[in-house]
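Undergrad: This is what each chain is made of:
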Amino acid sequence: MDIVLEISKGILEQGLIYGIMALGVYISYQVLDFPDLSVDGTFPLGAAITAILTLRQVNPWLASLLSFFAGGLAGLVTGLLHVKLKIKDLLSGILTMTALWSVNLAIAKTSLLSTYGARTIFNSGPILLLPAGLTPWRTLILAFHLALFMKYVLDWYLTTRSGLLLRAVGDNPQLVISLAQNPGYIKILGLIISNGFAALSGSILCQQQRFFDVNMGAGIIVIGLASVIIGMTVFKNLPLGKYTSMVLLGSILYKAALAIALNLGFDPNYLKLIMAILFTVALVSNRVLEKKEGGPKGRESIAINKY
Amino acid sequence: MNLLQLINIEVVFEQNTNNETVVFADFNLEIKKGQFISLVGSNGSGKTTLLNLIAGNIIPTKGSVVFAQRDITGLKEHQHSHFMGRVFQDPALGTSPSMTILENLALAEAKGHSFGLQRGINKKRLDYYKTRLEQLQLGLENKLQVQVGSLSSGQRQALALLICTLTPIKLLILDEHTAALDPKTSETIMELTDKIIKKQGVTALMVTHNLRYALEYGDRLLMLDKGKTVIDANNAEKDKLRVQDLVQMFSEFMEERPAISNLKVIHLAT
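Chains as they are written, first to last, in the working numbering: chain A, 1 to 307; chain B, 1 to 270.
Here chain B stands alone, though its shape is the one from the complex (with noise of 0.2 Å):
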């Protein structure tokens, strides 16, 4: 069954204007529910833009976002979030730093609920905050008290992945997550990730950088270039998928297109 559909996408920023960018002319891409999907694809070929697109960030030209069985063209980004949940490469964008660990978990669970005079922390609940944090295996169980802006940001992008999962969602956006952190940190976080998409059974969208997590992990690669889907390999055909095929990819792109040379195909160490 289909949990996202996109029909007939375009994208067009500054339209009628010399800037005019053409990022999505009529794309088309479903989504089922339980897949893992990892996307790749070069500075530029619409993989943010995409995310965006889902998440409520950008509003198509042409074209439809249909979640659910439901048309969800035009909503509000605030509106999405009923339904998914986003992780950001900065991983302050996913709590807040003057509020403790516990009032920021506390926050994350009120989601879905009236935001009224109620207390903001339910001390019954501490226990099972707890144990989730137990699960990132951080030792922020010990820190309930400690604000968040004081943590590292493996720590911060830990608390994230745990806010933004917390309440159910049907869609979990990963949006480059483990860019900004160090390569053990970054493994840590991915496996912790991999985890917690597995026990939630939730349906999952990486853009990732890190080719060899792209084919390490979920269960089905999308490469995009020029608001184009150029490789989408399911299960069996990702297996057979190797880095340096996606390198190959990557640079035969590159040689059509020189004038963009920033191409971040990075994090290939072991």
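Isolated chain A (complex conformation) (with noise of 0.2 Å):
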């Protein structure tokens, strides 16, 4: 039983603190219709930040937004090359997160850095006023505190004049033109707020996990894809209320089907492949069940707002 606990306990912390990830990935591939590769590579720059940062003492607070400005920026130069320089959208996002790989090194000095000892979020500041019965719950209390402050802070936005007019860009640019704004602005200011997210995402899994690791990016858009997919197809019909809502839960999900597929005895060398067989099954039976519904295909089979 114990073991069960302490496996959902594990499930729970990864798909909320990648569910920020997730998040972020929402806002390029379903809000923006822009399939950004980027977070492969602001993922473990929020990290690689983090765990340089912490290491020399800087409040592990100041560090985690520091390295959401550092998201940012990186999503700022996917935007520039795609609106600026005419680059495909997907090769922009490869192009950041190729140099990305680079600027992560250079940052982090070295591959694999440990950052025991360090202050971070989870041993430090505020969530050491938790009565100590519940300092085993710390971790998972603070993940899911700061995932659902996330996702409020995104439905807020999403409600805001800048927040529609991001939307109305993915949904129909020549609309943003009519209104007389730049798509290519609006373009540029999503990518921003979607790998701010990815990069905040990798601080506070560095903090968790103590490590930072330059592989730790690879991979992370099929993390953040798949949540995203598997939380609209399965939680589409519930009433869940919003997307954001959905995301979280359906990173979630897929850490737990991951953590499932490990622990029925899968090889964890095999862990990219299943990986990809999940996300694959995500999207077919995704368009399994649209056809299901006969609606015409994705967003425009939606018929309450949810954003």
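Possibly wrong hints are sitting among the right ones.
Some chain B residues close to chain A (C-beta under 10 Å, calculated; not the full set) [unchecked claim]:
#, residue
1, G74
2, H78
3, R86
4, N104
5, A108
6, A110
7, F115
8, I121
9, A236
Once the Cα atoms are required to be at most 25 Å apart in a straight line, the calculated DMTMM-like pairs of lysine to aspartate or glutamate come out as [stated by the list, open to error]:
#, chain 1, residue 1, chain 2, residue 2
10, B, K143, A, D267
11, A, K84, B, E14
12, A, K86, B, E14
13, B, K195, B, E252
14, B, K76, A, D33
15, A, K86, B, E20
16, B, K111, A, D33
17, A, K86, B, E77
18, B, K123, A, D155
19, B, K124, B, E176
Don't read these hints as lab results, they were simulated from the structure. Idealized CB from N, CA, C, for every residue including glycine.
Build the complex: two chains, separate frames, hints provided.
TA: As structure tokens, this is what we get:
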């Protein structure tokens, strides 16, 4: 029983922390309709910055915030490559992702950096105010509140004028032009926010697992996309309110599916293979379910507002 | 007073290649404030290019576009949107499908203001939106929270028209905006368009393949062929024209140019 509890706790912690990154992928993939691979680089970017800063006694909350901004900066680069230099969306992301590999190594100065002993948001500051009995649950409680906070910030943003415009640009760039706004700038803004979320997620993960690994970004986009698509497929017809909630739940569900697969005795070397298979299943079932409902494809089929 | 002047316009596509196409060579046009112009012409006559020129989608290789005494040649398309609106043939281009009617209208009303972190929807404006939607007479006033993607093409086009004219514009460009609709809906949208144009007194330029609409609506009729104005009829002259006259002209151009046989002289029914 203890083992089941321990595994569930791990799944929830990981699901929520990666969920923040999935919220970022939700912005780029779902709202902006921009397949952005930069997150494979911005996620470890957040981790690298956090590792270096926390090892130098910088306040971990400040390190998290700076990670968010660094991610946003990388998103800006992807956006500029796409909008100003007219490079295709997929390629712009690949370029940023590739460049960030070196940037991350340059920041961390090594491919694997332990932050053991450093102050993190999980072992210092407000979290210490929790009663001693809850100590084993600290990580989960904080991860839960952070994920929820980021979700609410995003929900709020998407109802502001700027947020409405962001949703419009993914839906119909021509409408944005008709509103006398430059759709390119709006796209760049979306990529900044999206990659900020990814880097913050990487920062939090680094603090939770207490190390930075230059490889920790490999396949992050798959986790993010799978979370978005699983969440929006599985929970579409449940009264869960907003898409952002579904994305967070999708992230937890995805981590759970992976954990189950590994606990069934699959070799961890096959992790990425299992990830890809799970993702394929999610994509195909998404389409099959849509066909059953008989509706037109994708976003059009959704009749009520869940933003 | 002239609202829009096209002066010595030249548009060449794929210049200095084997596919070089001259759409306009020394083309001139003046549109007076308050005019409602119907623009007809066969495919390839330059109608769409003309609209794109005015909307800022295409920059002329030579010549200038003057709008309200200001040279706007070379301004970006979204900068043109500050003073003009365009309704497209495809109803999907005028609205955001995943957003509700309310959100679409809120965005439309924000045009010309800053798009910052202020609340997207101002609840105090709901009654105003409802009044405007009622004028469309399509029952949309009770569907504020419905996603636009689930509306019919006709409803979406009516909404696109409203979005376009919700904030003051000086020129309304109608780009075959009834062509994708069934005859009855097309009729409704056309009447609605006329009503809005008259009520707001906005200058309008309408491209249509429906020759009856071209004659029935508006106060000036232009026919383009090979980048030249072949008919420019004002009120009195326009009243004398019949659909048959226009069809006759079309077929004459066709004979001169048998290669282009897919003339869209359709929609002649009642």
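Undergrad: Decide, hint by hint, whether the structure agrees.
TA: Verification of the supplied hints:
1. Using the Cβ-Cβ criterion of 10 Å, the hint placing G74/B at the interface with chain A is not satisfied: the shortest such distance is roughly 15 Å.
2. Given the 10 Å rule on beta carbons, the hint for H78/B holds: about 5 Å separates it from the nearest Cβ of chain A.
3. Residue-level restraint check for R86/B holds (minimum Cβ-Cβ distance to chain A is 7 Å; threshold 10 Å).
4. Given hint, N104/B at the interface with chain A, holds; its Cβ is 8 Å from that chain's nearest Cβ, closer than 10 Å.
5. Because the smallest distance between the Cβ of A108/B and any Cβ of chain A comes to about 7 Å, under 10 Å, the interface hint for this residue holds.
6. Hint status for A110/B: holds, given a least beta-carbon distance of 5 Å to chain A, under 10 Å.
7. Here the hint on F115/B is kept, as its CB sits about 5 Å from the closest CB of chain A, short of 10 Å.
8. Because the closest C-beta pair between I121/B and chain A is about 7 Å apart, less than 10 Å, the hint holds.
9. Because the beta carbon of A236/B sits about 35 Å from the nearest beta carbon in chain A, more than 10 Å, this interface hint is broken.
10. Restraint check: the Cα-Cα separation between K143/B and D267/A comes to about 54 Å, which exceeds 25 Å; the hinted pair is violated.
11. Proposed proximity of K84/A and E14/B is supported: the alpha carbons are some 22 Å apart, at most 25 Å.
12. A hinted pair counts as satisfied when its Cα atoms are at most 25 Å apart, and K86/A with E14/B qualifies at roughly 19 Å.
13. The hinted pair formed by K195/B and E252/B fails the criterion: a straight-line CA distance of about 34 Å is larger than 25 Å.
14. In summary, the hint linking K76/B to D33/A is supported, as the alpha carbons are separated by about 23 Å, within the 25 Å threshold.
15. As the CA atoms of K86/A and E20/B are separated by approximately 24 Å, the hinted pair is consistent with the 25 Å bound.
16. Restraint check: the Cα-Cα separation between K111/B and D33/A comes to about 23 Å, which is no more than 25 Å; the hinted pair holds.
17. Using a Cα cut-off of 25 Å, the hinted pair K86/A and E77/B holds, with the two alpha carbons roughly 17 Å apart.
18. Restraint check for K123/B and D155/A: satisfied, since their Cα atoms lie roughly 18 Å apart, inside the 25 Å limit.
19. With a C-alpha separation of about 35 Å, the suggested pair K124/B and E176/B falls outside the 25 Å cut-off, and the hint is violated.
In this structure, the hints that do not hold are numbers 1, 9, 10, 13, 19, in rising order.
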